[in-house]
Amino acid sequence: MNLNINGQIKEFSEEIITLEDLLLNLNIKKLDRVAVEINKEIIELSVFDQTAVCSNDCIEIVSFVGGG
Amino acid sequence: MIDINKISEDEYAELFLSRQPIEKSKILKRACVGIAGAGGLGSVVAENLARAGVGKLIVADFDRVEPSNLNRQRFSLSQLGMLKVAALTENIKKFNPFTELVEISEKITSSNCVQIFENCHVIAECLDRAEEKAMFVSSIRKYAPDMYVAAVSGIAGINSGSEILIRKLSDKLYIIGDMKSDSEKGEGLFATRVGIAASMQAHLILRLILGEED
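Top to bottom, those sequences are chains A and B. Our numbering numbers the first residue of the first sequence as 1 and each following residue consecutively. Our numbering numbers the first residue of the second sequence as 1 and each following residue consecutively.
Just so you know, not all the hints are guaranteed correct.
[Stated by the list, open to error] Derived BS3-like pairs (lysine-lysine); straight-line CA-CA distance at most 25 Å:
id : chain 1 : residue 1 : chain 2 : residue 2
1  : B       : K185      : A       : K29
2  : B       : K26       : B       : K107
3  : A       : K40       : B       : K172
4  : A       : K10       : B       : K185
5  : B       : K24       : A       : K40
6  : B       : K180      : B       : K168
7  : B       : K168      : A       : K10
8  : A       : K30       : B       : K107
9  : B       : K168      : B       : K94
10 : A       : K30       : B       : K142
11 : B       : K29       : A       : K40
12 : B       : K93       : B       : K6
13 : B       : K24       : B       : K56
14 : A       : K29       : B       : K56
15 : A       : K40       : A       : K29
16 : B       : K24       : B       : K94
17 : B       : K107      : B       : K24
18 : B       : K142      : B       : K185
Keep in mind that the hints were calculated from the coordinates and are not lab data.
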């Protein structure tokens, strides 16, 4: 399955079904520190594990760090 | 030297903005900007936007001024213990009596943030913790998708200020910072680097209000 992540096309295993699977595969462990848009629609943290990712999705992931 | 006590507020406003193009100041005067957090970023963003004559600022922060804030946040010793939103209003009113300041001294949550910043054209995300930033940006993008959001990530430490960049993430979402310097990793926060990001954030907001895109 090919996904466009932050403008780069990458290939992923078909075992990745949900957004949570994808984030863990990308080694993003602190899921409450990211904002994610799939095909320009924001996905809330509460539904990361229920949101399917599909081949050719455009996914923007912002991993926030602290300081303000 | 003009005697400030002998001129009207309108006359002062005209003098105050005399180094900015009039047509741009008129547009800025009609704008409303939301500022989520009044710390190192928010205190600088609010001051910059008030200096540019933005008409209305809605500033939300539940915190009070502490000594550890004063290395970078634009408050004074005499303001220790004050609500940051009140201290910020006090500071801005000393040079700009005409910007309308709305103080919200509540903790920002996913359920109140859209209501707090209703009717803003642009929102500056100036929160401290990564989790709060992610929650805030996700909530505003989801429930108020027509608002521009200028968020910040990666301003800690003493690395070069020139690593701080503006990235356009989607139609209405911008992220300012180096995307990696985390204040929780012991690099600390300096007025200079935080201030660079805050000034870039405020400048981006002026540009968005004026119809320019980064």
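Results for each hint:
1. B:K185 <-> A:K29: holds, 16 Å
2. B:K26 <-> B:K107: Violated. B:K26 to B:K107 sits at ~33 Å, over the 25 Å cutoff.
3. A:K40 <-> B:K172: holds, 10 Å
4. A:K10 <-> B:K185: violated, 30 Å
5. B:K24 <-> A:K40: violated, 31 Å
6. B:K180 <-> B:K168: holds, 17 Å
7. B:K168 <-> A:K10: holds, 21 Å
8. A:K30 <-> B:K107: holds, 22 Å
9. B:K168 <-> B:K94: The hint is violated at about 35 Å.
10. A:K30 <-> B:K142: holds, 20 Å
11. B:K29 <-> A:K40: violated, 31 Å
12. B:K93 <-> B:K6: holds, 18 Å
13. B:K24 <-> B:K56: Measuring from Cα to Cα gives roughly 15 Å; hence the hint holds.
14. A:K29 <-> B:K56: This hinted pair is violated, its Cα atoms lying about 39 Å apart.
15. A:K40 <-> A:K29: Distance of about 23 Å is within 25 Å: holds.
16. B:K24 <-> B:K94: holds, 23 Å
17. B:K107 <-> B:K24: Violated, at about 34 Å.
18. B:K142 <-> B:K185: Not satisfied, since the Cα-Cα distance of roughly 30 Å exceeds 25 Å.
Of the numbered hints stated above, those contradicted by the structure are hints 2, 4, 5, 9, 11, 14, 17 and 18, listed in ascending order.
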